[in-house]
Amino acid sequence: MAGTARQGTKRGRFAPYGLLSPGVIWLILFFMVPVMVLFRTSLSDRPNRFVPNALNFSWNFSNYTDALSQYGEQFQRSFVYAAAATIACFAIGYPLAYVIAFRGGRYRNLLLGLVVIPFFTTFLIRTLAWKTILADEGFVVQTLRDLGILAANGRLLATPLAVIGGLTYNFLPFMILPIYVSLEKIDRNLVDAAKDLYATPARAFWRVVFPLSLPGVFAGTLLTFIPACGDFINAAFLGSPQTTMIGNVVQNQFLVQLDYPTAAALSFTLMIIITVAVLIYAKVLGTEDIA
Amino acid sequence: MASAMSPKTSGSGDAAALGDVVIGINQVTKRFDDFVAVEHANFGIRRGEFFSMLGPSGCGKTTTLRMIAGFEQPTTGQITLEGKDVSKTPPYKRNVNTVFQHYALFPHMSVFDNVAFGPRSKRTPKKEITRRVNELLEIVRLGDYADRKPGQLSGGQQQRVALARALVNYPSALLLDEPLGALDLKLRQAMQIELKRIQREVGITFVYVTHDQEEALTMSDRIAVMYEGHVEQIGSPQEIYHSPASVFVAGFIGVANLLPVNIDSISGANALIQLPGGNKVSLPIGSLAPVVGGAATIMVRPERIFVATAEPEGDLPHLKVSVTDLTFQGPIVRAAVRCADGTELVTHIGDGDDLPMLRPNDHLWLTWEIEAAKLLPGVDERHTESTESNTALIEV
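For the record, the sequence lines run as chains A and B.
All residue numbers for the first sequence refer to my numbering, where the first residue is 1 and numbers rise by one.
All residue numbers for the second sequence refer to my numbering, where the first residue is 1 and numbers rise by one.
There's no promise every hint is true.
What the hints assert, rightly or not - SDA-like cross-link-like pairs, simulated, lysine to any residue; straight-line CA separation at most 25 Å:
1) A/Lys185 with B/Tyr92
2) B/Lys93 with A/Asp146
3) A/Lys185 with B/Gly155
4) A/Lys131 with A/Asp146
5) A/Lys283 with B/Met109
6) A/Lys185 with B/Glu72
7) B/Lys126 with A/Thr200
8) B/Lys186 with B/Gln329
9) B/Lys88 with A/Leu190
10) B/Lys149 with A/Arg188
Claimed, not checked - Listing some non-contacts, in silico: residues in chain B with all C-beta distances to chain A over 10 Å:
11) Arg200
12) Glu214
13) Gly350
14) Asp380
The hints are simulated quantities; they were obtained by calculation from the structure and are not laboratory data.
Every residue, glycine too, gets a C-beta built ideally from N, C-alpha and C.
Next up, chain B with everything else stripped away, as it sits in the complex (with noise of 0.2 Å):
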């Protein structure tokens, strides 16, 4: 997979290409027995900015956070702070800091002794610490809580103690267990919003770690897509949503369309790809190495997608579909259609586009900008079996 990334995005995740690195992950691998939870890991994390690890569960985002933090041990690989090898460093000699995903405040303790644990541990001037805490509690609106313990406190001011608790040691980075994860949807969206005004305010790096895909969006800098132990892609929000580097990434981030097509032939920088039901189309390769006849796949997002009732004229890529499923979203209306090969779509009708009353089972030309669509390696594994019924049964 890697090797068919385009250069620009393994570039910006080679930790030597980067100035201010903070952490860099040097082809780390980490094995448990025979589970490989992380693989060839390979990038560097910069000073002051918001990184996201995005994944499914089990895609090793969280085993590479706890290598960051000193809880786990790469098998093979080196992981750098500030320039120096810590891959064999205990936790509490690394200058990170870890908000846990159940908070993990200390419940014998009262707030202000809670925050104030870190800069105790390193013998910090009593004064000292009294200023520290009581500037971090005030950052994380607190200040009225310091006698409380943490059971007397909301899910959201407990969130709010255990940022203040890592971020009073000023840590060269913060390190984040999806730390939003117990928390219902509202106070999730306030917090968001929150974290990434802290995270303004104090300037330390923060390494986030989120299986949900709108958080990373909302608050990073920069995210590394992860699937089963690899970093897929590494780039910024944007990057990320419009030029995925996977299939895997382009379906993972937002809603894609995923169109399985073969390339029919090359011709310079393009790939010439029939499309089902619809006209010839040439596409650039990019970095990839296409071989003509081997699959591939079409990406492109519905709201990027216009309608029409008739072909449509000129070069633009354009296929025909049938309705399966109108559902009204308000703004928009989304129209889930079937393409000639049964692979189902997405597109947004809005009240722009001039269409008659549609029905299921109405006939419909797709059509979207060249640069709207983007030529990925491969097909979407998940999809391949409801794709051959499909085709199945269309030759029936």
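Isolated chain A, as found in the complex (with noise of 0.2 Å):
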């Protein structure tokens, strides 16, 4: 609207623009052309031992074709795998988030802290931690197994349970920080109002601050999903051969196969599938709707 007041000016017309255009170099720089040149790579002819770095493009749909056949079984794997991180995210994120916003008090700011410290260490370093932690002599394993709970050989590392914790592990705070702004934001008055209609403190939860927490809901589980998905560190300290996901294989063939068309193809594929996924997502929650 200010902008509107000010169309005569020289300068105003353009401001918008001249703000606008640090964005729009760095994301045409450093996404779309990256984007192109990955897309016209995913449609060159694979290299040979001939030929072991010539990317001729030539319309090569098979490095699709092949990449969904031949690796179908680790792009399901990501999905499960990354759908059980953030369900769990989930399950953990929302009650430490809602005990923060409603009952946290004056040490809100010091629990959201104790969520945030862990990760200023690198995110290599704490998956390497957690290999420790869940090694076959460590302690987390040999308390399990003295309790019965594992078999006397049974094992936590490079089982798909350990990879879902590292998931789940590492993109906790994406879940809770988000949930969190959303229920911290909710007047409590209409808590107080739901009660006052007869809603019992369930229903008042279910029908006022749920719905009302769900932009939350929504964020924290597209940035913890997304990520998980095309993660590639977690399977790899903390799985084994039967749990890698589709990160390793394009991590595989990008840097050690150097099969650069095969790779950007399966690239190409994830951004797809995430893409159209999130999209029917946001269809369904509907998150317009949600003021």
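If you follow the hints, you should be able to join the two separate chains into one complex; please do so.
Here is the structure:
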């Protein structure tokens, strides 16, 4: 609105574009261009022993069909693991965010700090630490074996549970923080109003608090699910060849096999699947409706 | 303070003395840590009446309302609803509903769903819900807005949704916490009339909390004036305006002239008092227990004072004052005057008063009918300081 009032002046007319340009230039240089290059690569001839580095663009759609048929299992596993980790993050993160927002009182900021502090350490170090914690000779496995929860030769490391656990741990704050923000914004009088209108505490939660926190849940699940889908660190350190995710395959194709077209086709496929899944999710949750 | 109140006012506030009591506040005290929010509140609210709790912020009115709603529990004493003790009952099990200060409408639900929230909590049959919600939306004149979201409504419309949402449950009493505070003056006045109309139409007891004395006088059948956790007086708007029980009530409701005096002697049911710069008057002491030589306050409303240029003849109370300020206010001229002892008084001069052109520092005589003045216990603490400084000036 302020812009319309100043439309007359030359400076005013170009100011919005001036402010936008750094971001737009950044996106073009470091997102659009690489995506185009990647797309071109994904349709190029695959290298063979005679021409190892030639990337001849040839509308080679077989890269996609080959990638899907060859690595369908890893795709599926990635989505299952990412979904499981997202659900686990939600199950742990929502109650935690709720308690901090509604019962935290003056300890709120301290509690939020405790959520974030472990993440001052890098992703890699934290995952390696989990490797130590879950190791066969570590105290966790020993205790579980002594209690009979794990078989005498049972292990945690190199199982799907360890990979999902690692993903859950690493992405938990991305679930907690947006949910906390949306819960914190809710007017406490609304909860009083619901109780005043004969709602039991459970009904007040499900009909008022939870629907109003959905924007946070939406943001939190996306921030957890999307990076978890493409993650390869957790599967590499905490998993086994049986728990390979699509991120591991892409990394392997790019950096070890040097098969850039296949790696690019896999990346593109992952991107498209996630985009479609997110659009469907947004439609189902109807986030535009939530004020 | 309570002991000095007349038996009449404390009687009308006593729950046991009333016939059809919906809400009983029995010796209720509420403490938050060291802070006493409400102390020994003891009154009843009758079925179908428009009852207001009036007082400045921090007087305990909202705390009392929240205790009736069930959001707070009394530290001592009990609250009864329809004769049953509900002091420990959670809000969702009490048949009272609240209209919140900022409406607290559910932003993610349509107007219809907001209003239907209460009946749905109670698992009312669907047909019945639709019928009642539509009925209430008609009463608050929002029949065409059922599908809108609260964010698409104006402040006054949101206010009416909040009313419908509470009234649809046919509660024993409707609790309103400064519901008009967020509206502008014009809308507020329109809503006052609207509220009173709706209250008459549905016949439900309204318990209304406000700090706006004009609002309370306009709408209420009875008003409880509260100050610092105490109920100062309960009565009809007329009683409270014309016969305030304390200096605080007199000063809080409307404009009051409060003349601090000393009781010179007592003869029978009357106290003899020397007016500063005037004659000696005899005022009924009512249920007060005045002490000879003790401090008291004479209260006279500005519109009950007559003005003369010469000392009036006869026994009517009169005193000599000097004009400090004159303000033209249309139908009347508001004259601020100063007594011999420095007390500032206000009087109205109308067209009927045959007076020469007045100027500041002119001398006037004020007089009033015997029954226009009320003798109140104590003096206004808020004015004590300024009175002292005025006295000091006169001595110099």
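Results for each hint:
1. A/Lys185 with B/Tyr92: Measuring from Cα to Cα gives roughly 24 Å; hence the hint holds.
2. B/Lys93 with A/Asp146: 50 Å, violated
3. A/Lys185 with B/Gly155: 21 Å, holds
4. A/Lys131 with A/Asp146: OK: lysine 131 of chain A and aspartate 146 of chain A at ~20 Å, within 25 Å.
5. A/Lys283 with B/Met109: Roughly 18 Å separates the two Cα atoms, so the pair holds.
6. A/Lys185 with B/Glu72: 23 Å, holds
7. B/Lys126 with A/Thr200: Roughly 19 Å separates the two Cα atoms, so the pair holds.
8. B/Lys186 with B/Gln329: It holds: about 20 Å lies between the C-alpha atoms, which stays within 25 Å.
9. B/Lys88 with A/Leu190: 22 Å, holds
10. B/Lys149 with A/Arg188: At roughly 19 Å apart (the allowed maximum being 25 Å), arginine 188 of chain A and lysine 149 of chain B satisfy the hint.
11. Arg200: For arginine 200 of chain B, whose nearest Cβ neighbour in chain A is about 24 Å away, the distance exceeds 10 Å, so it holds.
12. Glu214: Correct as stated: the minimum Cβ-Cβ distance to chain A is 26 Å, above 10 Å.
13. Gly350: Holds, since 47 Å exceeds 10 Å.
14. Asp380: 36 Å, holds
Consistency with the previously given hints fails for number 2 only.
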